[in-house]
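Novice: Working from the sequences, and respecting the hints, build out all of it.
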Amino acid sequence: MNPEKVVFGFFIVLALTLNFGFFVGEIDNPDHHHVYELFAVVVVNLVATLLKFGDRTQMGAILLATSLVAVLQLLAAALVWAMAVHVTGSGLTPIVMASIVSLSGGAMLANVISVVLLVIETVMLRR
Amino acid sequence: MHNIYFLIFRRMRRPLLALVLTYAVAVLGLSLIPGQDDAGNPWHMDLFHSFYFVSFMATTIGFGEIPYPFTDGQRLWVTFSLYATVIVWLYAIGTLLALFRDRSFQHALTEGRFARRVRQLREGFYLVCGYGETGSALVAALTERGHRVVAIDIDPDRVSLLQLESLRQFVPVLAGDAARPDCLMQAGLKHPLCKGVVALTNIDEVNLKVAITSKLLHPEIKVICRSDSLDVEANMKSFGTDYIINPFETFASHLAVALQAPGLFLLQSWLSGSPEYRLQEPVYPQSSGRWIVCGYGRFGKAICQRLKREGIEPVVVEAHPEITGMPEGGYVLGRGTEEKTLREAGIEGAVGLVAGTDNDANNLSIIMTAREIRPELFIVLRQNRMENQAVIDAVEADMVMHKSAIVANRIRVLLGTPLLYQFTSLALHQSDAWACELVSRISALVTSHSPDIWELRLEPDDALAVCRGLEQGRLIQLQHLSADPGDRRRPLECIPLLLKRDGESFMLPDPEIPVKRGDRLLYCGRAAARHRMGWCLQNIHALNYILTGESVSTGWVWRKLKRHGLLGRSAGESRSGE
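Protein sequence lines, in the order shown, are assigned to chains E and G. Residue numbering for the first sequence is 1 to 127, as defined by the numbering used here. Residue numbering for the second sequence is 1001 to 1578, as defined by the numbering used here.
Note that these hints are calculated values from the structure, not bench results. The model shown is predicted, which means the values in this text are computed figures rather than measured ones. Note that CB positions come from ideal geometry on N, CA and C, so glycine has one too. Heads up, a few of these hints could be off.
[Claimed, not checked] Each pair of labels, with its calculated beta carbon distance range:
{"id": "1", "chain 1": "E", "residue 1": "I62", "chain 2": "G", "residue 2": "R1457", "range": "51 to 57 Å"}
{"id": "2", "chain 1": "E", "residue 1": "M59", "chain 2": "G", "residue 2": "L1097", "range": "29 to 35 Å"}
{"id": "3", "chain 1": "E", "residue 1": "P3", "chain 2": "G", "residue 2": "R1101", "range": "49 to 55 Å"}
{"id": "4", "chain 1": "G", "residue 1": "R1101", "chain 2": "E", "residue 2": "H86", "range": "39 to 45 Å"}
[Stated by the list, open to error] Just a few of them, taken from the derived set where beta-carbon distance is under 7 Å, the chain E residues facing chain G:
{"id": "5", "residue": "L46"}
{"id": "6", "residue": "I95"}
{"id": "7", "residue": "A98"}
Specialist: Here it is in structure tokens:
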């Protein structure tokens, strides 16, 4: 067992599960989507991206790409949230909430691809 | 180039992870710790504000407690995260700076830059392995003629020496081992525009390895190698190395030519001299009588072999015959620097002396001693080091053999003017009188410096007007090419040395011979003649004038007028004066 692989897999899966946790619920209901959950998703995704740095394989490159997509989507969601609450002062209206959640939904799709790739790589490992 | 990015990523992973995690903890803690607003109500900082606060706190830009003064609990947390984030930042920036100063990173950076420059070459180039005395002389000569060169040397000091040199062309240079195929490939061995590989390192095995690698990876290109020993030479020949240059053998054959045919030797040295070469007086070594060869190393052996072939039995003087091997005809033990040894070798009756040890000081001492006994000796001196040039010049030997100069000169001729290389080999079969006549013809053309040598190929690139004239079925003779475009009765100051057509070579071709498309010509003469010749080759009007003596009216109006006979005789005919 390689401890590096454990940490790597842990963060990739955690990024997906947290993302899913934030995503589920009515899309325009602020009560179903807590901001701390979004914060956790952003942090864990950043960590997962950094862990993929410096891998020279083809698989490593694709994994890095999916993570970068997820981070981009999540940062956009966080930005929308900050704009709505603090800058424009409109608060979490259903429209704003829907766009935040759908952005995180896109990030979740990227995270799903990440996990699928990870599983494929593991399956293809020959003993 | 990719390697560098991966290296940065790989090294920066840990500091960046530490940075993200510390930020996350600091931001989260700040948003969880209860505070008070200005009215004393309990208040929680939200994530947006705590991220903002941590961002400017971590970089210690300076801060106030916003939006409300902090409670003691918040201050405790900020104190803790302040130290944590500053340390993490220092760690990250420190790692980045260390990375930039890292040797392997620096090396990767220069290698990447070198590989990119080689990839971006858009002209044919030669790859020179080894930038020592020979390599630097060759690179200077090639760039002077406008060739592109890529160089490799294992010694970083010599690489920086090249970068200080002011060469006419930019020369990408790599500090690497030429014996390693990946270094050669990085230097463009497989580049489609690589025209040739020249292996000039001072280790024969490395040259051998370069030759094998080049022949395997890029079989079409020319491979030229320097080799100091005969068995490596045979090895190189076995897999088809195009040219192998052994400086000792080369010089020995020069000496043989000088003994046999002094005129031919003079011709060779005039034609193959570098542009700064001053024309030297002919030398007349005596081919009968006693020759003394001091030093029986690789040079001495090559000389002895040649002298024997010329019918001269040399007397060998050698200090360490147990290392160099015993010469067949006996020898005199000693260095040759003492009068006693030289007398023992019979210096009183000798006609020639070869100072051929591998030590310049000893060689000079041999010559000084020998001259005291017998001033009229013909002296051949071996020069081992470039920096002794001044003393070597002062001793005024009749012939000087400098290993690096011989190799560099030969390769320069080989790459720069391949036809001259053929010409000198063909000239060896000619008589001395023939050579003397040619030498006197050349000396009439030039002044104190060696003549310009140039090659010409009758193709549209080099000779557009001539090719077009030939397509129209006009008869163009060789003498037309070297007629002055200003006055066609006067020939230019140049001599056609060689005409090559369909694999056949004609030495000193007849001026009446009609030229054909695809002919290759070798000229020697003045630089000015070369420039003027370009007119007749490229300009259809200049060629027309040379062929017919008329200058044709070129404008549309003039042509119309002429066709209708309105103009009578054109102005050009009065100019030709025939």
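Novice: Check the structure against each numbered hint from earlier and tell me which ones fail, lowest number first.
Specialist: Violated: hints 3, 6 and 7.
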